[in-house]
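Chains S and A, in that order, are what the protein sequence lines are.
Counting from 5, one number per residue, gives the positions in the first sequence under my numbering.
Counting from 7, one number per residue, gives the positions in the second sequence under my numbering.
It is worth saying that the hints were derived from the structure and are not from the lab.
For clarity, every value in this text was computed on a predicted model and none was experimentally measured.
Hints may be right or wrong, so weigh each one.
DEER-style ranges, computed between Cβ atoms [said to hold, decoys possible]:
1. Glu112/A x Asn179/S: 36 to 46 Å
2. Thr131/S x Gln111/A: 50 to 60 Å
3. Val125/A x Ala176/S: 43 to 53 Å
4. Arg41/S x Ala179/A: 25 to 35 Å
5. Arg164/A x Gln147/S: 31 to 41 Å
6. Tyr61/A x Ile113/S: 35 to 45 Å
7. Thr68/S x Gln84/A: 21 to 31 Å
8. Val63/A x Gln147/S: 45 to 55 Å
9. Tyr61/A x Val202/S: 37 to 47 Å
10. Ala42/S x Asp126/A: 44 to 54 Å
11. Asp126/A x Asn158/S: 37 to 47 Å
12. Tyr61/A x Glu169/S: 22 to 32 Å
13. Gln111/A x Ile113/S: 33 to 43 Å
Listed next, the in silico EDC-like pairs over lysine to aspartate or glutamate satisfying Cα-Cα at most 16 Å (straight line) [said to hold, decoys possible]:
14. Lys56/A x Glu81/S
15. Lys65/A x Glu112/A
16. Lys48/S x Glu112/A
17. Lys56/A x Glu78/S
A short list of chain A residues far from chain S (calculated; beta carbon distances all over 12 Å) [as the list claims (entries may be wrong)]:
18. Ser80
19. Ser146
20. Gly153
21. Ala162
Built from N, CA and C at the ideal position, the CB exists for glycine as well.
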Amino acid sequence: MNCEDLKRNFVEYWRGNLNAAELENFEAHLASCEQCRAEADGLKQIWSTLGEMPEAEPGLGTRTRFYAALRDMERRELEHPEMRSHRFWWIRHPAFQGAFALAILAIGIFIGNTTARSSGQVAQLRTEVNSMKQLVTLSLLQQQNASDRLRGVNWAYRAEQSDTEVLAALLATVNHDSNVNVRLAAVDALRNFADSPVGRRGLVQALNKQASPMVEIAILDQLVEMREKSAKPAINALMGEGNVNPEVKEHANWALRQLQ
Amino acid sequence: MRQVRDGDLGSMAVLFERHHRPLFNYFVHMNGNRDFSEDLVQDVFVRMLKYRQSYQVDKPFSAWMYQIARNAQSDAMQKRRFEVELGHADVTITHGTDEKLRRQQEIELLRRAMARLPVDKRELLVLSRFQNLKYEEIASILGCEVGAVKVRVYRAVRALGQIFFELSQRRMAAPGEEMA
Chain S
5 MNCEDLKRNF VEYWRGNLNA AELENFEAHL ASCEQCRAEA DGLKQIWSTL GEMPEAEPGL
65 GTRTRFYAAL RDMERRELEH PEMRSHRFWW IRHPAFQGAF ALAILAIGIF IGNTTARSSG
125 QVAQLRTEVN SMKQLVTLSL LQQQNASDRL RGVNWAYRAE QSDTEVLAAL LATVNHDSNV
185 NVRLAAVDAL RNFADSPVGR RGLVQALNKQ ASPMVEIAIL DQLVEMREKS AKPAINALMG
245 EGNVNPEVKE HANWALRQLQ
Chain A
7 MRQVRDGDLG SMAVLFERHH RPLFNYFVHM NGNRDFSEDL VQDVFVRMLK YRQSYQVDKP
67 FSAWMYQIAR NAQSDAMQKR RFEVELGHAD VTITHGTDEK LRRQQEIELL RRAMARLPVD
127 KRELLVLSRF QNLKYEEIAS ILGCEVGAVK VRVYRAVRAL GQIFFELSQR RMAAPGEEMA
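Throw the hints in and build the complete structure from the sequences for me.
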């Protein structure tokens, strides 16, 4: 391997992509050529610093717009199978998509306010908006990144109380999420489902599945706030656990008194 | 992508979740404008749905996606006569230890150096360093041989190093100069 061969392979060397023979040749030349060594050291620093540049995070609007566009496209293809041909694809230009979504919403609201006839149209729009919210929420709650899941929990506040899928996802988050902050936020978001028997029952059941005292206390507070008397056996069970945190035990006692 | 191509548009959601962040970063590194980059991400996914029939299952998906991304950016640039403002990207330099601060200043200087790099070299670095694409994928995106990619990437790193060095020298010559 000469100097030029070596330089061509700098990046692959730093990325660990050279095979055994190439690696041996590369390192042999590097050891024997001071000039190449100096250049490799200098450029390696540039390469490493590039890797430290922080990643930019797209705004939540990116996701919202994409799902709106996707749903719109799916709906259009279902309604007009001939649109699978390429003739009408200009309709899917992003600028058109965004303007279309807003225009439909505005027109829906306008017509809904001015005429009684269009109540069906408004209801349909509402359904679509709700589906979109649900899709965003469920998608965010499944992300690897805890901050994304937190955003998903925040989106759950926009869901309808009757949205059982979002409710189930929130309960799953309370019970299984690896991040305490996300679990706590999900407990708070369940307040939105206080009128749902499923939500209340889910929260009661979640009490005995927790490992974090903070989450246990948050659930206890919520059960008291909801005046959920059916939670008493679960609270008693929590107090009976051998390794229960003393603060949680004290709080559970308080909760039981409140629910009497 | 095969499922999307075969009519299951909903599967595009999976691809979106996996690729929209890297794609957004590609655009931010290329044009330095967040809003513009978000529009472009949207444009790319719509184009992928639109041209899904052109996807070839035997080619890497990322190569196909970045080809579309390059076209989308090129079209948008022509329409908007968009000026690249990478040098003015928002950067928050927080206060910390001297070492941390020095490192942050180095990163900021490198960002400026990237902005001064010719667009073809910048793209090579974005694809190889930030997007971590294989040389075969980059070759497929750029329509050239792997050997050419090797040389071009080396030259891009070297050019970046040169600009970085010049900027560092200038800063050392005028230490009071503000980073903004």
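Violations among the numbered hints, reported as their numbers in ascending order: Structure breaks hints 8, 10, 13, 15, 20 and 21.
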